[in-house]
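Novice: In order, the protein sequence lines correspond to chains A and B. The first sequence begins at 1 in our numbering and counts up by one. The second sequence begins at 114 in our numbering and counts up by one.
Be careful, since some hints might not be right.
[Claimed, not checked] Only some residues are given here: those of chain B computed to face chain A with a beta carbon under 8 Å:
#1 219
#2 220
#3 222
Hints listed in this document are in silico derivations from the structure and should not be mistaken for laboratory results. From the three backbone atoms N, C-alpha and C, an ideal C-beta is built for every residue, glycine too.
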Amino acid sequence: DAKTTQPTSMDCAEGRAANLPCNHSTISGNEYVYWYRQIHSQGPQYIIHGLKNNETNEMASLIITEDRKSSTLILPHATLRDTAVYYCIVRAPLSGTASKLTFGTGTRLQVTL
Amino acid sequence: EAEVAQSPRYKITEKSQAVAFWCDPISGHATLYWYRQILGQGPELLVQFQDESVVDDSQLPKDRFSAERLKGVDSTLKIQPAELGDSAMYLCASSLELAGYNEQFFGPGTRLTVL
Chain A
1 DAKTTQPTSM
11 DCAEGRAANL
21 PCNHSTISGN
31 EYVYWYRQIH
41 SQGPQYIIHG
51 LKNNETNEMA
61 SLIITEDRKS
71 STLILPHATL
81 RDTAVYYCIV
91 RAPLSGTASK
101 LTFGTGTRLQ
111 VTL
Chain B
114 EAEVAQSPRY
124 KITEKSQAVA
134 FWCDPISGHA
144 TLYWYRQILG
154 QGPELLVQFQ
164 DESVVDDSQL
174 PKDRFSAERL
184 KGVDSTLKIQ
194 PAELGDSAMY
204 LCASSLELAG
214 YNEQFFGPGT
224 RLTVL
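Excised from the complex, chain B in its bound form:
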């Protein structure tokens, strides 16, 4: 069964360092989402891509976060510099199309700890 792949699964870094997370969506899925989940809360959308274009990045802290999906397939989320409050689970999801009722398939996530 096709799955969304993410790496690394765990990342520990010191504040002010740069970190990057990678996501490979299910083959053929045009829409890709990055969510952040703080412990005890539900996931919150950071950025949404349709192919290589950003559809929604209104919740992305653009002073330190960036995301790209250059060829419309895999995607990278970067934080520079990392802050203590960035400690969270970063989840990637993909869906077949942007519109309609398509379910989102989530990857296992990257758990970030900032010291």
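Chain A with its partners taken away, still in its complex shape:
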């Protein structure tokens, strides 16, 4: 799976949009971009995933650049409950051992009043 690079930490004011970047310059054509987050003392939670088109669900939007070498997770109106570590993961939709998630250290998002 391709390696990802994320900033160590970010701050965001409550009610504002949080934009979390991720670089994955070695991504392959069949690899998807996944985002998970982990709130303190809980297990990771799936947020969203995409291949090349922008995606949106009830939690967030995922913007993938045209060359697919980077992406941005957008939380449109961040709340204090969005304070968490956000992981960007790239993996191919293959069977067997390739289905595992390879986590990096993620971005620690702190939402403040």
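Fit chain B to the known structure of chain A by using the hints.
Specialist: Frame of chain A; chain B shown alone:
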């Protein structure tokens, strides 16, 4: 909403003792994963099951760790003997199928402290 259950939530043990963690995946999920998360790092896969069979245990320290999923439903992860470096969060996750794009659902984890 269905959830992955884990127990215990917290475990404190002394080194050289045996510990065991239990996981009950979401009903119908064929694939089960055990991850270990050291403080300040992301989770790292230890072992992966498809039904009752091990698919990947390449990162499992087999001299002291063992995992089983006898009936292809719930699973147990054991450490014997525990070492100081085993202090970590042990996370269980499940997904509907092994292949494809299925998201993984994580349990709350078991936080192990080895003294």
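Novice: All hints are to be evaluated individually against the structure, with a verdict given for each.
Specialist: For each hint, the structure was consulted:
{"no.": "1", "hint": "219", "in the structure": "holds (3 Å)"}
{"no.": "2", "hint": "220", "in the structure": "holds (5 Å)"}
{"no.": "3", "hint": "222", "in the structure": "holds (5 Å)"}
Every hint from the earlier list agrees with this structure, and none is contradicted.
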